[in-house]
Amino acid sequence: MARMRTKWLAACMLAGIAVAPAPLAWSVSAGDQAPACAASLLDGGRTVSLADYRGKVVYLDFWASWCAPCRDSFPFMNELQRDLAGKGLQIVAVSVDKTAEDAKRFLARYPASFTTVLDALASCPTAFRLEGMPSSYVIDRSGAVRAVHVGFHNADRDEIRRQLDEALGGGKR
Amino acid sequence: MKRAIGVATAAVALALLAACATVPPWERGTLAKPVMSVDDPPQEKTQKLRTYSAKEGGAAATGVGGGGCGCN
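In the order they appear, the protein sequences are chains A and B. Residue numbers for the first sequence follow my numbering, so the first one is 15 and each next one is one higher. Residue numbers for the second sequence follow my numbering, so the first one is 330 and each next one is one higher.
Hints listed in this document are in silico derivations from the structure and should not be mistaken for laboratory results. Where hints are given, some of them may not hold.
[As the list claims (entries may be wrong)] In silico DMTMM-like cross-links for lysine to aspartate or glutamate, where the CA-CA straight-line distance does not exceed 20 Å:
| no. | chain 1 | residue 1 | chain 2 | residue 2 |
| --- | --- | --- | --- | --- |
| 1 | A | K118 | A | E173 |
| 2 | A | K112 | A | D57 |
| 3 | A | K70 | A | E180 |
| 4 | A | K101 | A | D66 |
| 5 | B | K374 | B | E356 |
| 6 | A | K118 | A | E180 |
| 7 | B | K362 | A | D116 |
| 8 | B | K362 | A | E115 |
| 9 | A | K112 | B | E373 |
| 10 | B | K362 | A | E173 |
| 11 | A | K101 | A | D46 |
| 12 | A | K101 | A | E173 |
| 13 | B | K374 | B | E385 |
| 14 | A | K118 | B | E356 |
| 15 | A | K118 | A | D66 |
Generate coordinates for the entire structure from the input sequences, incorporating the hints supplied.
Right under this line is the structure:
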């Protein structure tokens, strides 16, 4: 009897160990509701949350100072901000850097005219289960994810713009 | 007894597998540092190739030209 129990215990432990390194669960994809996400502004201590922007179309971008393609995506997001902010677009760029200094050093070289926040504890990327860096999400007025872009490619520019225009024009889903 | 050893070995092997966990994309800041690059930095690489081809006496074997003296 005791032997049986030991066996079970061993089996359970093995199962537990085997499951531990399993990859992260499914990533957030188009059609899903955007998970809750809050982080503090880089140029002030105030915390902003994704829910604050409900009713607006949000272009949520995850970046880092060490992420090379982000150097290309920042000028693009500045263009989006210039062209679409008036139509109700809110760009939120979440830095996954460990320190504000790293993020600020990047911003000094690649200035941003949109909202930048720091999520050093990585609660947002964990909630969205990013598949790569950078990652960006087009979130509509109802808070649903319309499109996901992993990485930043120059070829994606037009598509992102089209998706944002569509989300902005629709008003409702 | 044999069985116990087997189970213990399997447990250790599985425990070590946990070290193979993938690093999530947002945690790759350290891996992105130049020092983590598998290749040598470009300049050092050129220098090494130059020395190598000079020592081997075979020009362009590695894509870098150079004679036996290593001076061109």
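Outcome of the hint check:
1. A:K118 - A:E173: violated (29 Å)
2. A:K112 - A:D57: holds (16 Å)
3. A:K70 - A:E180: Answer holds: K70 of chain A to E180 of chain A is near 13 Å, not above 20 Å.
4. A:K101 - A:D66: Holds, at about 17 Å.
5. B:K374 - B:E356: Violated, at about 29 Å.
6. A:K118 - A:E180: violated (33 Å)
7. B:K362 - A:D116: Holds, because 13 Å separates the two Cα atoms, which is no more than 20 Å.
8. B:K362 - A:E115: Measuring from Cα to Cα gives roughly 16 Å; hence the hint holds.
9. A:K112 - B:E373: violated (31 Å)
10. B:K362 - A:E173: violated (31 Å)
11. A:K101 - A:D46: Given that 20 Å is the threshold and the Cα spacing comes to 24 Å, the pair is violated.
12. A:K101 - A:E173: holds (18 Å)
13. B:K374 - B:E385: Holds. K374 of chain B to E385 of chain B sits at ~16 Å (cutoff 20 Å).
14. A:K118 - B:E356: Within the cut-off at roughly 18 Å; holds.
15. A:K118 - A:D66: violated (24 Å)
When held up to the earlier numbered hints, the structure conflicts with 1, 5, 6, 9, 10, 11, 15 and fits the remainder.
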